[in-house]
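Chemist: First residue of the sequence shown: 12, per my numbering; consecutive thereafter.
Please note: incorrect hints may appear among the correct ones.
Pairwise CB distance ranges (calculated) [said to hold, decoys possible]:
| # | residue 1 | residue 2 | range |
| --- | --- | --- | --- |
| 1 | Ala77 | His57 | 18 to 24 angstroms |
| 2 | Pro72 | Lys117 | 28 to 34 angstroms |
| 3 | Gly144 | Pro72 | 32 to 38 angstroms |
By construction, these hints were calculated from the structure, which means they are not laboratory data.
The model shown is predicted, which means the values in this text are computed figures rather than measured ones.
Glycine is no exception: its CB is placed at the ideal position from the N, C-alpha and C atoms.
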Amino acid sequence: MKMTRSVARVVAALFIGSGLLSEMAQAHDTATGETVTVAADEPIPHLPGKRLVAHVVDYEPGASSAAHHHPRSAFIYAYVVSGAIRSRVGDEPARVYRAGEAWFEKPGSYHRVSENASDTEPARLLAVLVVDGPDEQLVIPDPQ
């Protein structure tokens with residue numbers, strides 16, 4: 012577990028502290044107060060047909076993502092870089108994760124809740140996904 016956190020901190024520092032995020036593709040949803048930045052999207056050389064994708068999700072105070080799921084191929088590691096994130100995946104109870112804490116999501120998981128746990132402070136999440144190469148839509152919103 013310590014090794015995983017150390018790796019996540021290094022990855023987060025590289026992308027977030029280096030200014031690389033300003034050069035990456037961003038999508039800001041003014042309705043939800045969420046900004047998603049694609050920090051990496053690369054094929055995995057020793058795993059043919061797989062790629063690693065890293066998203067940095069910035070939440071304004073009180074902001075949230077719509078309920079969603081990910082492709083059946085998506086294995087996800089989520090790491091809270093700053094602030095606090097409330098998350099509920101599948102039938103598990105909602106939990107608040109603070110900076111330095113992380114969780115995994117199994118392929119095809121249903122993400123019922125993903126939101127900033129604070130109404131006054133921003134929060135930042137690093138999501139690292141291993142997916143099938145052809146999977147393009149990595150966040151699939153629930154039909155409304």
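Chemist: Take the hints in turn and mark each one as holding or not.
Modeler: Comparing the hints with the structure gives:
| no. | hint | in the structure |
| --- | --- | --- |
| 1 | Ala77 x His57: 18 to 24 angstroms | 35 angstroms, violated |
| 2 | Pro72 x Lys117: 28 to 34 angstroms | 30 angstroms, holds |
| 3 | Gly144 x Pro72: 32 to 38 angstroms | 37 angstroms, holds |
The structure fails hint 1 only (numbered hints given earlier).
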